[in-house]
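Using the UniProt record's numbering, the first residue of the sequence shown is number 1, and each one after it goes up by one.
Don't take each hint at face value.
Unchecked claim - Within a straight-line C-alpha distance of at most 25 Å, the following computed BS3-like cross-link-like pairs (lysine-lysine) qualify: (1) K167 / K135; (2) K198 / K135; (3) K149 / K28; (4) K222 / K198; (5) K222 / K162; (6) K149 / K128; (7) K217 / K198; (8) K128 / K217; (9) K149 / K167; (10) K149 / K222; (11) K217 / K167; (12) K45 / K135; (13) K128 / K162; (14) K162 / K28.
To be verified - Per label pair, the in silico range of CB-to-CB distance: (15) D11 / E171: 15 to 25 Å; (16) I219 / T6: 19 to 29 Å; (17) A163 / A92: 46 to 56 Å; (18) A90 / T6: 42 to 52 Å.
By construction, these hints were calculated from the structure, which means they are not laboratory data. Where a beta carbon is used, it is the ideal one built from N, C-alpha and C, also for glycine.
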Amino acid sequence: MIEILTPAEVDRARETGALVGTILATLKERVTVGTNLLEIDAWTKEMILEAGAESCYVDYAPSFGNGPFGHYICTGVNDAVLHGLPRDYALAQGDLLSLDLAIKLRGFAADAAISFVVGAEGSNEDQKLIETTQKALEAGIAAAGPNAKIGDLSYAMGAVIKAAGYKVNLEFGGHGIGSTMHQDPHVSNDGRPGRGYKLRPGLLLALEPWIMTDTNKLIMDKDGWTLRSATGCRTAHTEHTIAITETGAEILTLPRS
């Protein structure tokens, strides 16, 4: 299903996006060395419920997971890049943490992710990983607009990732979003320009470039959810939900100022 939202519906999605961005920014401020991943999940639950919103993850049970997910946020540490199931783990100095959050408010969902190093600046390679995902996301957003094709966005993100020396995994990528978290069209993190669905004003997309230092292969934990790099290398993940407008694209998941 591909949804095209009305201007009033996009306004409601803006509220959801701002909440997602604000929660992620708050979590980044709170997280310190020694913070437990289960604490992060509890903080997220509290903020979601206080806002009158609902989690897109608690009852999430797709075919590729050992569902339902049962938690409020995805927490990936170091080599864990996607669908990180919160567990009893205290973060250490220098851990590379990825947080992925999707919630629904007033009928519309928004989805975003951030990566950062805990308690430190991080190594040059860590910073390069994170910055590459951020730059790839910026390139994908810059390529978005009415009459652009999905392949234009995919190509823009993939070009940044490959120019930085990383490989691209095409199993998981971005997606349409609206009254539900995951919708068509799928947005790969690499592709061919001029191909795929033509974007229209009112379409919402969650763009999410993610990379691994020295591989494009994933392995799954025994928890049936957490996806890690096959080589144990470090990983990073950045995501925003955007709305296609008459003139380009608007980022919905920025934190409230």
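Taking the hints in turn, this is what the structure says about them:
A hinted pair counts as satisfied when its Cα atoms are at most 25 Å apart, and K167 with K135 qualifies at roughly 15 Å. At most 25 Å may separate the alpha-carbon atoms for a hinted pair to count; K198 and K135 meet this at roughly 23 Å. Straight-line distance between C-alpha atoms of K149 and K28 comes to about 34 Å, which puts the hinted pair past the 25 Å bound. A C-alpha spacing of about 39 Å is found between K222 and K198, which places the hinted pair above 25 Å, so the restraint is violated.
Simply put, K222 and K162 have alpha-carbon atoms about 31 Å apart, too far for the 25 Å limit, and the pair is violated. For the given pair, K149 sits about 28 Å from K128 by alpha-carbon distance, which is inconsistent with the 25 Å threshold. A C-alpha spacing of about 30 Å is found between K217 and K198, which places the hinted pair above 25 Å, so the restraint is violated. Under the criterion of a C-alpha separation no larger than 25 Å, the hint pairing K128 with K217 is consistent with the structure, at around 19 Å.
Only pairs whose Cα atoms come within 25 Å are accepted, and K149 paired with K167 is accepted, the gap being roughly 23 Å. Simply put, K149 and K222 have alpha-carbon atoms about 38 Å apart, too far for the 25 Å limit, and the pair is violated. Only pairs whose Cα atoms come within 25 Å are accepted, and K217 paired with K167 is accepted, the gap being roughly 9 Å. Proximity of K45 to K135 is assessed by CA-CA distance (about 30 Å); at most 25 Å being required, the pair is judged violated.
Taking the CA atoms of K128 and K162, the gap is near 13 Å; set against the 25 Å cutoff, the hint holds. About 28 Å separates the Cα atoms of K162 and K28, which puts this hinted pair outside 25 Å; it is violated. About 34 Å separates the C-beta atoms of D11 and E171, a value inconsistent with the hinted range of 15 to 25 Å. Evaluation of the 19 to 29 Å hint for I219 and T6 yields a failure: the beta carbon distance comes to about 43 Å.
A C-beta distance of roughly 32 Å is found between A163 and A92, which places it outside the suggested range of 46 to 56 Å. Between A90 and T6 the Cβ separation comes to about 46 Å, which falls inside the hinted range of 42 to 52 Å.
Violated hints, listed in ascending order, are 3, 4, 5, 6, 7, 10, 12, 14, 15, 16, 17; each of the other numbered hints is respected by the structure.
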